[in-house]
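S.K.: Construct the complete structure from the given sequences, taking the supplied hints into account.
Take a look at the letters that make up each chain.
4 protein chains.
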Amino acid sequence: MIKAATLLLSCPDRPGLVATVTQRLYELGANITHADQHLDRQAQMFFQRIQFELPADAPAWPAIEAQLAPTLDALHMTWSLIPAERIKRTAILVSRQDHCLYDLLLRQRQGELRTIYTCVISNHPDTRPVAESFGLPFHHLPVTPETKAAQEAELLRLLRDYEVDLVVLARYMQILSGDFLARFGRPIINIHHSFLPAFSGERPYHRAYERGVKLIGATAHYVTEELDAGPIIEQDVTRTSHTDEIDDLIRKGRDLERLVLARAVRLHLQDRVLTYRNKTVVFG
Amino acid sequence: MIKAATLLLSCPDRPGLVATVTQRLYELGANITHADQHLDRQAQMFFQRIQFELPADAPAWPAIEAQLAPTLDALHMTWSLIPAERIKRTAILVSRQDHCLYDLLLRQRQGELRTIYTCVISNHPDTRPVAESFGLPFHHLPVTPETKAAQEAELLRLLRDYEVDLVVLARYMQILSGDFLARFGRPIINIHHSFLPAFSGERPYHRAYERGVKLIGATAHYVTEELDAGPIIEQDVTRTSHTDEIDDLIRKGRDLERLVLARAVRLHLQDRVLTYRNKTVVFG
Amino acid sequence: MIKAATLLLSCPDRPGLVATVTQRLYELGANITHADQHLDRQAQMFFQRIQFELPADAPAWPAIEAQLAPTLDALHMTWSLIPAERIKRTAILVSRQDHCLYDLLLRQRQGELRTIYTCVISNHPDTRPVAESFGLPFHHLPVTPETKAAQEAELLRLLRDYEVDLVVLARYMQILSGDFLARFGRPIINIHHSFLPAFSGERPYHRAYERGVKLIGATAHYVTEELDAGPIIEQDVTRTSHTDEIDDLIRKGRDLERLVLARAVRLHLQDRVLTYRNKTVVFG
Amino acid sequence: MIKAATLLLSCPDRPGLVATVTQRLYELGANITHADQHLDRQAQMFFQRIQFELPADAPAWPAIEAQLAPTLDALHMTWSLIPAERIKRTAILVSRQDHCLYDLLLRQRQGELRTIYTCVISNHPDTRPVAESFGLPFHHLPVTPETKAAQEAELLRLLRDYEVDLVVLARYMQILSGDFLARFGRPIINIHHSFLPAFSGERPYHRAYERGVKLIGATAHYVTEELDAGPIIEQDVTRTSHTDEIDDLIRKGRDLERLVLARAVRLHLQDRVLTYRNKTVVFG
Chain A
1 MIKAATLLLS CPDRPGLVAT VTQRLYELGA NITHADQHLD RQAQMFFQRI
51 QFELPADAPA WPAIEAQLAP TLDALHMTWS LIPAERIKRT AILVSRQDHC
101 LYDLLLRQRQ GELRTIYTCV ISNHPDTRPV AESFGLPFHH LPVTPETKAA
151 QEAELLRLLR DYEVDLVVLA RYMQILSGDF LARFGRPIIN IHHSFLPAFS
201 GERPYHRAYE RGVKLIGATA HYVTEELDAG PIIEQDVTRT SHTDEIDDLI
251 RKGRDLERLV LARAVRLHLQ DRVLTYRNKT VVFG
Chain B
1 MIKAATLLLS CPDRPGLVAT VTQRLYELGA NITHADQHLD RQAQMFFQRI
51 QFELPADAPA WPAIEAQLAP TLDALHMTWS LIPAERIKRT AILVSRQDHC
101 LYDLLLRQRQ GELRTIYTCV ISNHPDTRPV AESFGLPFHH LPVTPETKAA
151 QEAELLRLLR DYEVDLVVLA RYMQILSGDF LARFGRPIIN IHHSFLPAFS
201 GERPYHRAYE RGVKLIGATA HYVTEELDAG PIIEQDVTRT SHTDEIDDLI
251 RKGRDLERLV LARAVRLHLQ DRVLTYRNKT VVFG
Chain C
1 MIKAATLLLS CPDRPGLVAT VTQRLYELGA NITHADQHLD RQAQMFFQRI
51 QFELPADAPA WPAIEAQLAP TLDALHMTWS LIPAERIKRT AILVSRQDHC
101 LYDLLLRQRQ GELRTIYTCV ISNHPDTRPV AESFGLPFHH LPVTPETKAA
151 QEAELLRLLR DYEVDLVVLA RYMQILSGDF LARFGRPIIN IHHSFLPAFS
201 GERPYHRAYE RGVKLIGATA HYVTEELDAG PIIEQDVTRT SHTDEIDDLI
251 RKGRDLERLV LARAVRLHLQ DRVLTYRNKT VVFG
Chain D
1 MIKAATLLLS CPDRPGLVAT VTQRLYELGA NITHADQHLD RQAQMFFQRI
51 QFELPADAPA WPAIEAQLAP TLDALHMTWS LIPAERIKRT AILVSRQDHC
101 LYDLLLRQRQ GELRTIYTCV ISNHPDTRPV AESFGLPFHH LPVTPETKAA
151 QEAELLRLLR DYEVDLVVLA RYMQILSGDF LARFGRPIIN IHHSFLPAFS
201 GERPYHRAYE RGVKLIGATA HYVTEELDAG PIIEQDVTRT SHTDEIDDLI
251 RKGRDLERLV LARAVRLHLQ DRVLTYRNKT VVFG
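Chains as they are written, first to last, in this note's numbering: chain A, 1 to 284; chain B, 1 to 284; chain C, 1 to 284; chain D, 1 to 284.
For the record, the hints were derived by calculation from the structure and aren't laboratory data.
Treat each hint with caution, since some may be false.
Pairs involving identical chains hold if they fit within one copy or between any two copies, as the list cannot separate such chains.
Claimed, not checked - Distance condition first, Cα-Cα at most 30 Å in a straight line; then the derived DSS-like pairs of lysine-lysine:
{"id": "1", "residue 1": "Lys3", "residue 2": "Lys148"}
{"id": "2", "residue 1": "Lys88", "residue 2": "Lys3"}
{"id": "3", "residue 1": "Lys3", "residue 2": "Lys252"}
{"id": "4", "residue 1": "Lys252", "residue 2": "Lys279"}
{"id": "5", "residue 1": "Lys88", "residue 2": "Lys279"}
{"id": "6", "residue 1": "Lys88", "residue 2": "Lys148"}
M.R.: Structure, rendered in structure tokens:
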């Protein structure tokens, strides 16, 4: 039996960072099984992701953290230690379309996404049968401009009750308020059905059709207060042509949305994504 | 010996278009070797491209045109007949960077692009050796805000003297005025180094870097008065990541620019591109 | 109300084919809404796919066929007329893995695949709940080398009872005998988890891992007696690297298998695929 | 002024490897600017690539090597230290086709490939003007089955005289003998015009056409005695269809060959490729 964890850290660059951290881990008895690092030369910022293992009889994680803290804090690092046995709890928000929802549910069952789904929440009742067929609680939270504040309060209450670590907007067609985002304070991943920054906002497939683009895209990003402007985690595109009508773009787009969102969620669940300056470092 | 031609046509849709045109061609002794068509259901517009062959002893092309005209005009078609022996005359405009220029020159020599290059024109002297090593006249037309009108007049004079059918902007970093475009009145293909409509205008790689996109793109389009807003002929993208600095984006982008521009120019030279409503029908 | 159909035809090439066929359709009152054609210059074979519409009061399809037959037969054409109201009946064969099965079921429900699923048949009981959750009959036909002949006889009986037009092998890990194929006599589409002709046969992901390829692929093809050697309908690939272990190849491959199989089945259901010389013409 | 170098190493896996190496580098005053590592769990082998910098007044590289050797040798590492100022010397071998040759020459001039081209060698005289227009010596070494041994001896003599570190076969259509490979003993990169292991050997585009594949590929690999079977560095594919004749496959393939070969050569020149078990680890 082995104890495994991931250490994520970032700090202003300076010589000796790698040596200091790896040496300290080694002193604690850790075997580094994988390490990635990145130096942003413009920002002069250093980022690192270290996967390591400890013997089964090593101290508990809080003790390990306490042993690491002096070294990491002395280097002014922002850091977090994520034990492998800690499984993230996810809530899926969705509106009417169910293709991303199905995809996320099936991939987790398949073993591709290491998470516990806590519930499915929607502003429409349509996807209740899907959620329930996977044994998940479904919450219908309808919303109108007048009830938006109350709906978000209820949403927040649910997410807290379920102790949710991650929210995935799997084609949830409502904009979350800055107030809600601040109160929730945890990561939210959205899938936008265009190649951002092109066609941010509404009806991107219709606008792509009007513009006559030869590729359409999808973008998974962390949600920030500014619409469709948060740090991008993953993007992809597929070819289109003059023969594609809007319905064809929507159909082709569904495949993109599924794939791009699933990749982004997987990367996040594996603690491979660090954000800074509204961008991401994705350790692949 | 055989005479071959391409017939391009478009008109409002109505029943019997295909039958009428193909029947008329058949009556003239034509053998259709390839035909493509497209119906835009939104616009209710019909587009067709027909390649056909006639016996060597068939009448001259003007006579064939005269025989086709009554049928096509009666259907209110916009049409053009392009004999295969007619080779388009192209001028390449370039600023300092030579990668697209080299690519276009080598592909024509290789037989991929069926065109006669008439000359290379630049607002900088840097690419003169490249042009001359391929035996092409080089014209240095420097430009400043003050001399822009005079430079465009000189440019127009050159294009007319060379009887140019097509202008390719192979990384020509100047904006052509609406007045120039109207006077020249022939197609101009530009390569823009982004996935339009994202990052139109200046310094797209720098802005892509700032935004943290996970793909960069290139777009070949016909030039219209509105900057980077003309009908798109071809686009493509390539993956990037946080490890790519701006110089890496520029390097990766060069490959995209070369490929996308060459494909677009080839499609145009083969009379495969029809434009309408600021979009293209590309018969592949 | 309108009657629509697709006409597929092929024959040795000769002048006037397009004009003759389109003229005949026009005489019958047809409006051609889309037409594609292909001339294989090596084989000197002509292929065409025509979508057309008739007024609602046009004769029944057998009468239309009788009216077309003299013209088409005189040109020695192999042809078939497929009325739009005729929906193909499909059986899905699967072994233990359910990702392609789910994908096909969801896409049909979504409206992407225009077919009637008649049943799911498997040599293992695992996917029974999936089939039943979509309201489909499930047949468990276990097979051993000794019972293979009997199992195939039972399989054939089922396919005939269900009046199946198309069989999709959605990761069915058994080889169908030549005798079975001859008796069934209708199209069977298989998804093979490699970029054929590389890694035909067993365990392609393991062999791809051993060889150290930088891309893995999937191939959808019509089944013929020779294993993995039938006409290819669609293929695609995805990037891999030294960091991918066999399980990663299998995971990435599932996405490819789903996408490639779904595209091939859709193309077939839309009567866009013609086969000759062990290759396909795919009218996109 | 700074001294920079890359350290490549591999060894059987064991705990503490990263810490030991980075600690030793730190003791020598090195600042690690980038590090990549890979653990092959099947082979239980560890691979690492470390880029580091030393102050300008650090000892000369042989002294640094001597200081590192005890640590690295004690861990049974295979390792090499490549100072950044050491630029690899490359010879390009080519037959008649010049597209990869031009591409490699232009990319180096553009600054994409950090190498010194020593000469161009061919079994045909056709590309002499290309080589000479880039100021490179050209050697015409014709070869027949009878003269192969003598030609390879002359080739070896030239490569030694030019002190060549790397040979690039840029569409050199001759098979190098095992004897030659053993005597030369340095890396040779070949571009094969198929997606290996499919269509290894002769006329891959013709065979791809016969098989009716929907994608064609290109593969860059290190040359070993077995034809087209060496460690793969890079591969890519592009779409084809029934409309592509063999000449179209060849044309599309040229773009693939150029891109894939250039990427592989760049990766090699940056010391990003380690080989083992006939596979590569490519640190991107």
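S.K.: Please go over all the hints and tell whether each is borne out by the structure.
M.R.: Hint check results:
1. Lys3 to Lys148: neither (44 Å within a copy, 48 Å between copies)
2. Lys88 to Lys3: within (17 Å within a copy, 45 Å between copies)
3. Lys3 to Lys252: between (43 Å within a copy, 28 Å between copies)
4. Lys252 to Lys279: So Lys252 and Lys279 pass the 30 Å test inside a copy (27 Å) and across (20 Å) alike.
5. Lys88 to Lys279: within (23 Å within a copy, 36 Å between copies)
6. Lys88 to Lys148: within (28 Å within a copy, 47 Å between copies)
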